[in-house]
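K.L.:
Residues per chain, in single letters:
There are 4 protein chains.
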Amino acid sequence: MPVELVQNNYGKSRVRLLKVARHGDRHDLQNITVNIALEGDFDDIHTKGDNTKCLPTDTMKNTVYALAAQTEEIEAIERFGQRLGNHFLSNNEQIFSVSIDVVEHQYTRMTPDGQPHPHSFTKNEGEKRVASIRMTREETSIESGIDDLIVIKTTESGFSGFIKDKYTFLPETDDRIFCTSVKARWKYADSDAATDKRWSAVRKTILDTFAEHDSLSVQHTLYAMGEAVLNVHPGVEEVSFSLPNIHCIPVDVAKFGEENRNAIFLPTDEPHGLIEGRLKRK
Amino acid sequence: MPVELVQNNYGKSRVRLLKVARHGDRHDLQNITVNIALEGDFDDIHTKGDNTKCLPTDTMKNTVYALAAQTEEIEAIERFGQRLGNHFLSNNEQIFSVSIDVVEHQYTRMTPDGQPHPHSFTKNEGEKRVASIRMTREETSIESGIDDLIVIKTTESGFSGFIKDKYTFLPETDDRIFCTSVKARWKYADSDAATDKRWSAVRKTILDTFAEHDSLSVQHTLYAMGEAVLNVHPGVEEVSFSLPNIHCIPVDVAKFGEENRNAIFLPTDEPHGLIEGRLKRK
Amino acid sequence: MPVELVQNNYGKSRVRLLKVARHGDRHDLQNITVNIALEGDFDDIHTKGDNTKCLPTDTMKNTVYALAAQTEEIEAIERFGQRLGNHFLSNNEQIFSVSIDVVEHQYTRMTPDGQPHPHSFTKNEGEKRVASIRMTREETSIESGIDDLIVIKTTESGFSGFIKDKYTFLPETDDRIFCTSVKARWKYADSDAATDKRWSAVRKTILDTFAEHDSLSVQHTLYAMGEAVLNVHPGVEEVSFSLPNIHCIPVDVAKFGEENRNAIFLPTDEPHGLIEGRLKRK
Amino acid sequence: MPVELVQNNYGKSRVRLLKVARHGDRHDLQNITVNIALEGDFDDIHTKGDNTKCLPTDTMKNTVYALAAQTEEIEAIERFGQRLGNHFLSNNEQIFSVSIDVVEHQYTRMTPDGQPHPHSFTKNEGEKRVASIRMTREETSIESGIDDLIVIKTTESGFSGFIKDKYTFLPETDDRIFCTSVKARWKYADSDAATDKRWSAVRKTILDTFAEHDSLSVQHTLYAMGEAVLNVHPGVEEVSFSLPNIHCIPVDVAKFGEENRNAIFLPTDEPHGLIEGRLKRK
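Protein chains in written order, with our numbering: chain A, 1 to 282; chain B, 1 to 282; chain C, 1 to 282; chain D, 1 to 282.
Simulated from the structure, these hints should not be mistaken for lab results.
Be aware that one or more of the hints could be misleading.
Here are the computed lysine to aspartate or glutamate pairs in the EDC-like style, where the Cα-Cα straight-line distance is at most 16 Å [said to hold, decoys possible]:
no., chain 1, residue 1, chain 2, residue 2
1, B, K53, A, E172
2, D, K183, D, D113
3, D, K53, D, E72
4, A, K197, A, E75
5, B, K164, A, E93
6, C, K48, D, D214
7, C, K280, D, E4
8, D, K53, C, D165
9, D, K123, D, E4
10, D, K280, C, E4
11, B, K183, B, E104
12, D, K123, A, D147
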């Protein structure tokens, strides 16, 4: 019975790299995890076990280290991803397209005497800076983003006026806790716009909007954050969010004989709402 | 500056359910986790904070429990997903499409005296049975699958004849360990074909092929498994795999004065190769 | 101000090893993770930065691979742990005591045609076999055990007659779901008793007791399992358990208009009860 | 065969609580996870299934919420733990001793316009503040601490002069990366000394010492940090650390034709060294 391979890709995932730039007065540090996936003329690998056109994933891993070593300075992950993509496309005509996903784990420089220390850092867990680079010989698409940035506001958030069917028991509220873990992605019109400074500025727009928005739902705030990013940053042409609603359930302490001050909550991980949306300039 | 909401969806994730069917002589047990995502006429929720058309995610959670309670028997997750999808579409005209993802955590009945025990079980961690149901008012698509099934073979696996560039140091081998964590998905031509029995049969085809295949690469085995599924199961029209190469690196014990018997390996989780492919009937 | 180092130890953790025994007709497989911790005359390492008596943890890791390579056959983890402990004590007079903790990840041989396959396996996630070996030059203590074995029974479990204070709202029940993740440890009177066969037999006693016991509390079943282990296995002199109560909360489906058949539950990971106890022969 | 219950305890784990203190001009926020374990006259629960002296773990959970609701202000976790311990001991004569472990997840107040926002925060993942309170009717012991604080220094760390045996291949170095995840615990002579301010001051001493110390081994820095804590904080009488050596392995980029600038490293999670020590005032 004839069978067809309709899609395939392969690559190396979870390639970890720590890079140190040793300047005279201070060291800079970058910790990233790289995922590489290639598409190309790979059918014979599958159907015949013919590896003639197969670049080993171990080689991809080595390429990450080699190309990182070629520059002395730390570079933006969007730049590094493009260099990797260019390398694979330039040296392997059997490859049609390259996907590079980079996650950057961030650090804070220590300040023992109130002064920035030359070479000691604490690691910021949770929030990660991310970038996805998709390249063919014809075009390059760059998406920058944030993963796992947990934010919370203790008021100016409500949820009411929703559908009530026979399975609805959720009380309406005009004052609830709003907690989410921000996953954001944005595309630049021009890939040169993907700088460290712009990343920080988009991040600030998202956080400021979350803080200041009078939220009528997670969707409402999602849209407000997306609208703000597009309004404030003309270089961004599209932005999307995936926002779990990390429910903080009010505990009815009156049941225990205590005064209810809207103060005691049970934060939960599951189940959770999940709200996703993508906005672009008209 | 005008801005457009180009895509959005929302729902409830990680809804956990344990269901017991209490027959006279034995209990049956099902443990599932359900993710629900809806698309529909939801723009006003985002842009105006108008929740008139918003079915709360808490209601979706309750719906899972209510619909599960409507049947006494345990039902296949593909059936339960369809019932959920139908419920949301039938009762909410503002909804265009429903995605239901179900993960089933499996159990093994205990056998204290060599006999099946009526109500005691051990839980099988790792491997999960999964199903994805996508429904609009026009059509239903059902994908069944397996997640996290770790398999290993200690011989009849090689990797050679690949590209050698300046970053390639991987030795060729005709006898390596092959370990992967199977993620498989398959689509049935007819959704009634998605039965418990068929799921087990497709799973067996995948495992048998892995065991018996003389592997020249992960890709080579991926294709062989896909081809076997399509050949043996005419009701399946498409099958895809995502296979991490869980590298088991030979330890050079000769360095420590010991004989190298191809016996001592370092299993690693990162970095890992990742091989993906999708096959369908021509 | 004078300061004293009152206790210290160091070693290597998460040393992973996969060992293959290649017999003519079949391969055997063992996958373990080893943690090593040493106590000894190490004060100068701390106080002076003098590493003269410091065996590098990298050397400990290599020792695991070297000693594993010395035997062709797979050996019980209790045996391998003792060989490791003996090696460190024999070759390092500055060491007073050695702790070796071994976790074994188990596999099931595949049976493609109903026959055991010579070299293909599925991995059993979840439950692990464990052993802790503590050795000084004077004595050796061996503890065998089980980690993460999740068991569940759907009836013959109740909880009632407990204290009711002003914060107690838990209903009494004589028919609840009982689910726990068994962590068990047992000590053998004689370390030679720590065989594969005995491990399986103790495990069976624990499971059989869980299945058959009419449980009035987690504590009640813990004690019954411990008593059974000591009664059935004279070579075991002490046994302990740590048992989380993985609550499965009944969902009140009557609220949704459905019949309550004690069938629909919400399984939760947090919060959970935790019950611990240790029994020995009088 | 007579059997004895030599030790037992039970309680509730992973009780999560989010508390908001709503002041006029700003909200304060506390997110904690509480584990409770009790020892007492509980043998009959085990041996007879008699729950007369059993305080349900569900009641313990409710007690956490009730006692948290009794104070309007956020209180130090050491204080809250003591209140919980006192409650259980005062109301349950069958209890001999109470262990309360509290983990605090920390937040940073947002500053949208450079000003502290009244009610919006980002969550700091990774590092946690912890406290362990052990109470009997006779005495109270309080241990404060830090978990999962990852620190790194890119120079002023070496490791040399160690034992070389036949399994030693680690090169000596006087310039390596030193990365660890700090787990620290300290005991106060007087439990009233356990304040927020003191916790931050001890934390600062640990970080400053890590940054400034010229490290000859992980042990050497562990001791320096402990000595500094005891020297700077007379209220602390004992301090201990558990420090994984998160190895950052130099990548030999010369192999790839690139200049080796001590710049490219592979950070790994396993295997890892683990160094532990406890210091007290003489």
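K.L.:
For each hint, tell me whether it holds in the structure or not.
P.N.:
Hints and how they fare:
1. K53/B <-> E172/A: With a Cα-Cα distance of about 15 Å, the restraint between K53/B and E172/A holds, given a limit of 16 Å.
2. K183/D <-> D113/D: Distance of about 35 Å is beyond 16 Å: violated.
3. K53/D <-> E72/D: Since the Cα atoms of K53/D and E72/D sit roughly 32 Å apart, the hinted pair is violated (cutoff 16 Å).
4. K197/A <-> E75/A: Holds, at roughly 12 Å.
5. K164/B <-> E93/A: Given pair K164/B, E93/A holds - Cα atoms ~14 Å apart, limit 16 Å.
6. K48/C <-> D214/D: Holds, because 12 Å separates the two Cα atoms, which is no more than 16 Å.
7. K280/C <-> E4/D: Holds, at roughly 5 Å.
8. K53/D <-> D165/C: Judged against 16 Å, a Cα distance of about 12 Å means the pair holds.
9. K123/D <-> E4/D: Violated - the C-alpha atoms of E4/D and K123/D are around 47 Å apart, more than 16 Å.
10. K280/D <-> E4/C: holds (5 Å)
11. K183/B <-> E104/B: holds (14 Å)
12. K123/D <-> D147/A: Holds: K123/D and D147/A sit about 13 Å apart, inside 16 Å.
Of the hints listed earlier, those the structure fails to meet are numbers 2, 3 and 9, in rising order.
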